[in-house]
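**Q** For reference, the chains in residue letters:
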Amino acid sequence: GDSVTQMEGPVTLSEEAFLTINCTYTATGYPSLFWYVQYPGEGLQLLLKATKADDKGSNKGFEATYRKETTSFHLEKGSVQVSDSAVYFCALSSGTYKYIFGTGTRLKVLA
Amino acid sequence: DAGVTQSPTHLIKTRGQQVTLRCSPKSGHDTVSWYQQALGQGPQFIFQYYEEEERQRGNFPDRFSGHQFPNYSSELNVNALLLGDSALYLCASSLLGLASGELFFGEGSRLTVL
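Protein sequence lines, in the order shown, are assigned to chains A and B.
Note that the first sequence covers residues 1 to 111 in the working numbering.
Note that the second sequence covers residues 1 to 114 in the working numbering.
Hints are not guaranteed to be accurate.
[Claimed, not checked] DSSO-like cross-link-like pairs, simulated, lysine-lysine; straight-line CA separation at most 27 Å:
{"hint": "1", "chain 1": "B", "residue 1": "K26", "chain 2": "A", "residue 2": "K98"}
{"hint": "2", "chain 1": "A", "residue 1": "K60", "chain 2": "B", "residue 2": "K26"}
{"hint": "3", "chain 1": "A", "residue 1": "K68", "chain 2": "A", "residue 2": "K98"}
{"hint": "4", "chain 1": "A", "residue 1": "K60", "chain 2": "A", "residue 2": "K98"}
{"hint": "5", "chain 1": "A", "residue 1": "K108", "chain 2": "A", "residue 2": "K52"}
{"hint": "6", "chain 1": "A", "residue 1": "K77", "chain 2": "A", "residue 2": "K60"}
Because the hints were derived from the structure by calculation, they are not lab data.
If you're wondering where the values come from, they're calculated on a predicted model, not measured in any experiment.
All chains, full assembly: derive it from the sequences and hints.
**A** Laid out in structure tokens, this is it:
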């Protein structure tokens, strides 16, 4: 069945450091790919998405590119801030609103 | 515009009891999905409701059941609670057929089973 694998955390970075959180997937067909973020005490919020191969999703300085050849959707940000501290989830959907989530990666950014 | 609202936010039950969780979808949305998020894990799909019917179901036992009302709100019921049912239960709403496929999540109901 479909699955998502993302790097384990926690990831601890200093402010203004470069961030990469790896995500790979297995799926039949051509899924849509998402990154969701969960701040402490809050629900999941969509961060960015890509619906077809080579699409780049971007939002709030975060980017991820849908790579079909490597089945990856890695999340990157050039300069993280303390306010980016949260748990990040990679997810896929094969068009039926049944999302498959990764286990989440906790990011902690130090001032 | 109200987003997805869930109630209660926290609750404590004992093994064997039954629980009902409630969800109001984002205005204009017609589809509600429920997810279980165990501590330190990603959300796991329980089921999805559209037009008051269960459309899809994840790998959860029949103790988990749901309902969708004509106003699109939804309930999740769990019978014969087990310790392992302790988790954050997330409701997500969407608009069927919307190409973006985005889900909007509530803040969740945290269930503790003692």
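**Q** Against this structure, judge whether each hint is valid.
**A** Verification of the hints:
A C-alpha spacing of about 18 Å is found between K26 (chain B) and K98 (chain A), which places the hinted pair at or below 27 Å, so the restraint holds. The straight-line distance between the Cα atoms of K60 (chain A) and K26 (chain B) is roughly 23 Å, inside the 27 Å bound, and the hint therefore holds. Pair hint K68 (chain A) plus K98 (chain A) holds up; C-alpha atoms about 20 Å apart against a cutoff of 27 Å. Pair hint K60 (chain A) plus K98 (chain A) holds up; C-alpha atoms about 26 Å apart against a cutoff of 27 Å.
For the suggested pair K108 (chain A) and K52 (chain A), the alpha carbons sit about 30 Å apart, so the restraint of at most 27 Å is broken. With a CA separation close to 9 Å, the supplied pair K77 (chain A) and K60 (chain A) stays within the 27 Å bound.
Violation of the numbered hints given earlier is confined to hint 5; every other hint is satisfied by the structure.
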